[in-house]
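Asks: Spelled out, the chains give:
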Amino acid sequence: MAGATIWKGSIHFGETDVPVKLHSAVREERIQFHLIHKQDRVRLRQQMICALEKQPVPADEQSKGFEVEDGKYIIIDPEELERTAPEGSRMIEVHEFVKSDQLDPVLLDRVYYLEPDLTNVQGNGYNALAKALKEMDVEGICSWTMRKRSYLGALQAWGGMLRLNTLRYADEVVPAASLGLHNVVLSEKEMTIGSELIDKLTAPFEPRKFENEHEKKLRDMIEKKARGENIAILSPKRLQPTDPGQLLQALEASLKKAA
Amino acid sequence: MAVQGIWSGTISFSLVAIPVRLVTAVEPGRVSFHLLHSRDYSRLARRMFCPEEKAMVPPDEIIRGYEIMPDKYVLMTDEELESVSPDRSRTIEIIEFIDLGEVDPIYYDHPYYLIPSKGGEKAYQLLVEVMRRTNKAGLAKFVLAEREYLVAVTSRDGALTLITLHYSDEIVPDGDISPKKGTIEAEEEGRIRKSIELMTEDFNPGKYADKRRKKLMDLLATKVKEKAPVVSPAAVEEEGEGPADLVAALEESMRKVKESK
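For the record, the sequence lines run as chains A and B.
The working numbering puts the first sequence at residues 1 to 259.
The working numbering puts the second sequence at residues 1 to 261.
The following block holds chain B by itself, in its conformation from the complex (with noise of 0.2 Å):
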């Protein structure tokens, strides 16, 4: 199954340039639940709503708007968008390379993965290879829709990541919570130090997530012994959707609308 995309365009490092597309890389809903229809339990899409015509609005009829005074817009078009720095809406261009050991994770935001498009797999590979041996990231911005991202693109079980940093105006001043130096008891800290030698272990995150399956598997179990499993009615797939990476820019948008508040 070819993978939706979010985005296309190239990244490049000095002179070379690999097409590529943008995927998410997480999906907080891949062990979770479904929403649904309490009344004939059909599964609920989440989809845009016009409340003036009470009407869904198919993604073609749907254009970004910038409020400048309450209930007025000014709308723009992706080109528009794209206009504003052209030079980085299609390309993610990496300006320098890190040591991925130096990045503070505080700026770590959301992860992606690249994937080459046609005529792109070797120099893709390429660039996955070099940093894996040399443990470093490459730094680039890029603007997708409204937004620029500083971004470190990193190598990551042979894929490429690209994982959106936050600027460091955006990092809050932590002078006035800092802790005020003291004296450290030594009996203290070797009886601290003790306990974390104790607890080390290799990092198996699996584990946790494992876990709160198991969890989530328990519940289940005691709940379809209280209550059979509800059947979901088959729908009729919905026409007129767009085209597919559109419905994907969408709802990814919609995604981040969401969660930035």
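Chain A with its partners taken away, still in its complex shape (with noise of 0.2 Å):
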């Protein structure tokens, strides 16, 4: 069952307006651990450590700057950027609409999912939207604020639902340009026997397969050893890498193994 509803707005671009209710899609419920000190065993806190005097500093005591050079801050509310977004407007402006696989998967952060809200409204543009956006396989860019903060999304749909997306900002993503990859050379042979090893090793997208096994396995592991018992220490399992000279040989044997 979804959880309780986190947010009411409504969707706004020309002459269409949808009010909808937001709810959380993703229930995470992993194991947690605590950092702790070692010494003493204390769970540990994050503080913030004043550079200068190595102690640390009291929430009321903490500002925000902004750094225009080298040492020099401007201090600034972040609130205050927030603000002058227009306040309780509830409403999700869509600025416009693009093809689906125009958003690159790094962008893409937390789903939310919408429900009509049908408190007080006749008609059904929630449907009528829902099914044109699926059908023109688009997506809508918008923004809207919720909770002091305005956020950056993609209106979507699946199923017969409608989603927000909400999208990280493109500044935010660290550049594959600064990462000092070089580039190799491939043969033409090398890159067609590649691509055809992945079309035989590709199946349907089915996450359901998956399931953490990990986690009961962790779960047993500490039970063992809150009980006292000695933890087998294993190895990790630490692949052979590829000679860069055999790699086209071991593209060779991986098709044959996979055919």
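Since the hints were derived computationally from the structure, they do not count as laboratory data.
Backbone N, C-alpha and C fix where the C-beta goes; we use that ideal spot for every residue, glycine too.
One or more hints might be untrue.
[As the list claims (entries may be wrong)] Here are some, though not all, of the chain B residues that point toward chain A, as calculated from beta-carbon distances under 8 Å: (1) I6; (2) S83; (3) L165.
[Said to hold, decoys possible] Computed Cβ-Cβ distance ranges for the label pairs, DEER-style: (4) P236/A <-> G190/B: 58 to 66 Å; (5) T200/B <-> A258/A: 17 to 25 Å; (6) P204/A <-> R46/B: 37 to 45 Å; (7) Q240/A <-> G101/B: 43 to 51 Å; (8) R219/A <-> D78/B: 13 to 21 Å; (9) K118/B <-> K216/A: 51 to 59 Å; (10) A186/B <-> A258/A: 46 to 54 Å.
Mind docking these for me? Both chains are given alone in their own frames, and the hints should help you get the complex.
Replies: Listed below in structure tokens is the structure:
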């Protein structure tokens, strides 16, 4: 069952207004570890430490500054930034529509379900919008203000349902060019065999096939350790990297194996 | 500059194995603010602090613990954590490839880059090129610290990205809030379609980042007129911070703890 409504708003573009309620689409309940001080077994807390005094600084003595040049900051209240967005407008404003395949997965953040909010509206704009987005294979790039923060997102249809996928800003993504990768020349034969191999190993995306098998094993190990039993240390499996000179042979052998 | 890694190991598909390091692909603070001490304008750094000793704790004195009862922890060393699933703690084994277009975006969690380590450059580039041409992604499971991740490895701008995926049991069922079927008025649908057509553009995500940046710059411009920038004192480099990759890994896990709240 879906959780409580997080926020209510209205999708707006052109002459269209579709009131919706937001719900979380992902619920994580994973095992949680804490960071502990080895010496005294005390749980550590994250503190902001003053680089000069080397002492923790309480929240009321922290300011935010934007570095204008080396070591020079303009002190600013980041909430002031958000304030320029229309407060309490409850509007999810669609700026443009883009083809779904133009959205770089690296930009995709969290998904929220949109439930039609039918309290005081007649008609069926929700279903018409979901149908149009799906059939036209587009998503609406939109922004809204929720809990004093502005969000950028993609309005998308999946099944018959509308969803909001929050987007990261492009300048938050580390450019691949900064990774210092070097170009290596590949032969057309390596590429062809590589492509053939990948085609052979391709299957439909079925996420239900994959379970978190690790978590149960981890819980078992914690229980074992809590009972004072010894834990067998197993060395992790490490693969021998393929010799660059043997890449073609490795690809050919792989292809044979996959056939 | 050598890029710090959060993790190192090998990524493999069939009989090909590539040595790689993992680095984060997004830095939310890239165009943002730094925390400063309001009294001396010195930069603040996030550090782990022992409330008992009232002192900062260096990474080599930090261990992961699971709380079995209030304030009682079962401590787990990195070696013990790696022993839980030794097959997956240092290898990302691609089980199968999928068409990227088939992935429901609801599954995407956090993006990273993989960088080839010495000797892995050629096979790395082969995987980048072949996945780009075929628009495929490799699916794998791997273990980082205490968590096992289902991941999609894809090609982006000449690099391999690794995006952690949610497990299907983490996706909230939507049956009770899904819209009721109803007749769609042709007139309304036509109007919506027309608006969408008029508003369809090529996606340029940089546009929105620029807009946000401009807004920030405008605000800074008015601020700087009101008040001159403050000068932060130069601080002495800290010692004993431990190896860089360990610091990075700890910071990464702290970020995760923070995000999961």
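Asks: Work down the list of hints and note, for each, if the structure agrees.
Replies: Hints, one by one, checked against the model:
The interface hint given for I6/B is broken, as the beta carbon of that residue sits about 13 Å from the closest beta carbon of chain A, more than 8 Å. Given hint, S83/B at the interface with chain A, holds; its Cβ is 4 Å from that chain's nearest Cβ, closer than 8 Å. Checking L165/B against chain A: minimum C-beta separation of about 7 Å stays under 8 Å; hint holds. Between P236/A and G190/B the beta carbons are some 60 Å apart, a value that agrees with the proposed interval 58 to 66 Å.
Taking the beta carbon of each, T200/B and A258/A are about 41 Å apart, not inside 17 to 25 Å as hinted. At about 43 Å, the beta-carbon gap between P204/A and R46/B stays in the expected band of 37 to 45 Å. Taking 43 to 51 Å as the suggested C-beta distance range, the pair Q240/A and G101/B does not conform, at roughly 34 Å. Here the CB-CB span from R219/A to D78/B is close to 18 Å, well matched to the stated 13 to 21 Å.
Range check, K118/B to K216/A: Cβ separation about 37 Å, and the 51 to 59 Å hint is violated. At about 50 Å, the beta-carbon gap between A186/B and A258/A stays in the expected band of 46 to 54 Å.
Consistency note: the structure conflicts with the earlier hints numbered 1, 5, 7 and 9.
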